[in-house]
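One-letter residues, chain by chain:
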Amino acid sequence: MKLNLKIWRQGGKYKGELVNYQLDGVNEHMSFLEMLDVLNEELVSKKEEPVAFEHDCREGICGTCSLVINGRPHGPWKATTTCQLHMREYKDGDTIVIEPFRAKAFPVIKDLVVDRSSFDRIIQAGGYISVSTGQAQDGNAIPVGKDTAASAMNAAECIGCGACAAACPNGSAMLFTGAKVSHLARLPQGRPEAAKRVQAMVAQHDTEGFGNCTNIGACEAECPKGISLDNIALMNREYTAASFTERPVTVGAEGA
Amino acid sequence: MAWLTNYLTSSIGRKLTMSLTGLFLILFLVVHLLGNFQLLKDDGGEAFNKYTYFMTHFPLIKMISYGLYLFIIIHTIQGLMLAAANRKAKGQGYAVKTTPPGVTWASNNMALLGTLILAFLIIHMAQFWGQMHFGGMPESTVYPNFNEGKGVKDLYALVAEAFTSPVVIAIYTIGQVVLAFHLWHGFQSAFQTLGVNHPKYTPFIKGFGKAFAILVPLGFAVIPIIFYLTH
Ligand code: HEM
Ligand code: SF4
Ligand code: FES
Chain A
1 MKLNLKIWRQ GGKYKGELVN YQLDGVNEHM SFLEMLDVLN EELVSKKEEP VAFEHDCREG
61 ICGTCSLVIN GRPHGPWKAT TTCQLHMREY KDGDTIVIEP FRAKAFPVIK DLVVDRSSFD
121 RIIQAGGYIS VSTGQAQDGN AIPVGKDTAA SAMNAAECIG CGACAAACPN GSAMLFTGAK
181 VSHLARLPQG RPEAAKRVQA MVAQHDTEGF GNCTNIGACE AECPKGISLD NIALMNREYT
241 AASFTERPVT VGAEGA
Chain B
1 MAWLTNYLTS SIGRKLTMSL TGLFLILFLV VHLLGNFQLL KDDGGEAFNK YTYFMTHFPL
61 IKMISYGLYL FIIIHTIQGL MLAAANRKAK GQGYAVKTTP PGVTWASNNM ALLGTLILAF
121 LIIHMAQFWG QMHFGGMPES TVYPNFNEGK GVKDLYALVA EAFTSPVVIA IYTIGQVVLA
181 FHLWHGFQSA FQTLGVNHPK YTPFIKGFGK AFAILVPLGF AVIPIIFYLT H
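First to last, the protein sequences are chains A and B.
Taking this note's numbering, the leading residue of the first sequence gets 1, the next gets one more, and so forth.
Taking this note's numbering, the leading residue of the second sequence gets 1, the next gets one more, and so forth.
Some hints could be false.
Below, a list of computed lysine-lysine pairs in the DSS-like style, where the Cα atoms sit at most 25 Å apart [what the hints assert, rightly or not]:
| id | chain 1 | residue 1 | chain 2 | residue 2 |
| --- | --- | --- | --- | --- |
| 1 | B | Lys200 | A | Lys146 |
| 2 | A | Lys91 | B | Lys97 |
| 3 | A | Lys110 | B | Lys97 |
| 4 | B | Lys97 | A | Lys78 |
| 5 | A | Lys91 | A | Lys2 |
| 6 | A | Lys2 | B | Lys97 |
| 7 | B | Lys97 | A | Lys104 |
| 8 | A | Lys78 | A | Lys6 |
| 9 | A | Lys2 | A | Lys46 |
| 10 | B | Lys97 | A | Lys6 |
| 11 | A | Lys104 | B | Lys88 |
| 12 | A | Lys47 | A | Lys6 |
| 13 | B | Lys62 | B | Lys153 |
| 14 | B | Lys150 | B | Lys41 |
| 15 | A | Lys110 | B | Lys200 |
| 16 | B | Lys200 | B | Lys50 |
| 17 | A | Lys47 | A | Lys13 |
| 18 | B | Lys50 | B | Lys153 |
| 19 | B | Lys97 | A | Lys15 |
| 20 | A | Lys13 | A | Lys46 |
| 21 | B | Lys206 | A | Lys78 |
| 22 | B | Lys88 | A | Lys15 |
| 23 | B | Lys50 | B | Lys62 |
These aren't lab readings, by the way, just hints derived from the structure by calculation.
Excised from the complex, chain B in its bound form:
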């Protein structure tokens, strides 16, 4: 297995880890956003609470979510280690700093953007995931013909409560702007890392990546704003 360790610790192998974990996180973003849209249903939270119950109790989903936590940790640690190694490999910089034509700001600041995403994730997890698992929420919201008549946690109320604060709205909006920049470079970069660079596909990947980088964070960002305005 020495070959595998060699591969995974080589510059290209480490990149591949970043790419695959990054792409998995991208997939997760889509699922997460689709789930969040349940919040917009005008049903007092029924759809959303049923959805969250399903997501936290269905064994396969639970397994995927453990994989997700692992991938976030790997992506974060590997990303920060790469950034530190790369700073060392550059050594002294230039007295005159320039950005060559065609180079995006995001591509030069992936570690900074990633660290901000991490900060956002910690706040976000403490606020909802932590509350859900360790906040002692009662399982008292009962829906007919659901969960054999037993109650579920009213996460909808938790979300609705959180989104009454302008500070929370600001944090969520900024978090999504940061994510958008990370994806602006990251989406297409992940494919280049995998070696997918082809005149037939690359223009599509780049275009789709940019649309994704704008629309997905926008989708996440409008939900808190809508809540704030309508509740």
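Chain A with its partners taken away, still in its complex shape:
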């Protein structure tokens, strides 16, 4: 099939604009990213600068691919990453507009590539548990109920892609932050640091310049992993409870 592509180009000779490309010979078995590979090979053979876009696993698990396709992060398929979107969605003569993820805290580096290191810093602020190194513990030493494990797993499905912030009209990354907070808060291993974690992660979220959630739900609708808004509710309760009840740390002040 033949497609009309309008692709955001930024950097080098492009100031930041949608550029038109005609691409022939696309077949319905290609993935969306393979279609872009074909375009790039054509551009390279014409000695033009290829379109920069991010990808890694191409199997929907790493969170590296991005793109806003005809206004929708990761394209039109529900709970599907861009790398898993296939060209059978489109037909001959279609126009496809491809833009980078947009949020103030995701500045464009080049073309369709945005800087998502703000997410790394949110994780660094608290998205971990502290454990002493040494031998691996017996997996059953800490009992975790099936339902708890499942709800933590649902939150842990977040691949950190950033589509939630890209979809959000407020540029808020609360779905990502909520998923990471609640993934750990739901498990016994995450409880000891839960209050600190939620405060540190929300503070980092705000510092990065992400917006305030107004419960619109665009994130949930566009998330390729189907992360639910109830993770944001859990984060809200954890954050409020932590802010009002956590005691300031006074090292060694109590005597033994």
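Starting from the known structure of chain A, arrange chain B with the ligands on it as the hints suggest.
The following block gives chain B with the ligands in isolation, referenced to the frame of chain A:
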């Protein structure tokens, strides 16, 4: 107290302010509507005038009403500041604009709806509250065995007079439609903000919120229309 300032200025803290003030305003709407129903009694305004006298003279109610003014101001300022901050946090938008499945129009337009509510409130307050307090209305309507025989202001007449104008009726009807949209998203949103999201309660909250968003503004809107048609 640094922790409290930190909390209240965080994204979640500011949201909580919106939620609590919004829920208080919702409670107020119920009380206000119940009061307004006194207008429909066919008693020449006696029930309504006694009710308004009570609402403007009973100390506890007066205190609550000052709280109410404060909450409206906080909700408005915080809401507009949030909307401005969020526009900045989004930065450049998309060339192709879409609304994902399941996202309501109201949720995307809370600041616009809120601003229209504010405009309505200003008109509404100037017309009734301003007249009542500063319009020099005589306290000359006397009811037996009420207020020790002293007169009260005839607010019923003021309302009846206002609702003879089709323009006023139109403003009130539009105002209530705007309020309905604000509540359509706002009611359930306030609970999500508080962290109340639970399979046992959330479906009820959402259903009740939608019914509330339709019935309460409808209740407010029919009173002027009934007045217009019957007076
Ligand atoms: C009777 C009047 C009003 C009622 C009952 C009301 C109620 C509510 C409720 C319940 C929410 C949801 C809060 C949340 O999501 O946590 C909300 C949000 C909002 N309101 Fe109002 N409101 C009223 C008037 C106003 C006014 C005058 C403005 C001024 C511009 C305004 C602006 C907003 C904005 C911008 C939001 C979204 C902010 C957010 O969700 O964080 N509202 N309102
Ligand atoms: S919550 Fe969903 S959309 Fe947001 S980063 Fe995680 S996987 Fe991506
Ligand atoms: S490239 Fe890894 S999720 Fe798409």
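Handout entry: List of violated hint numbers, smallest to largest
Key = 15 and 16
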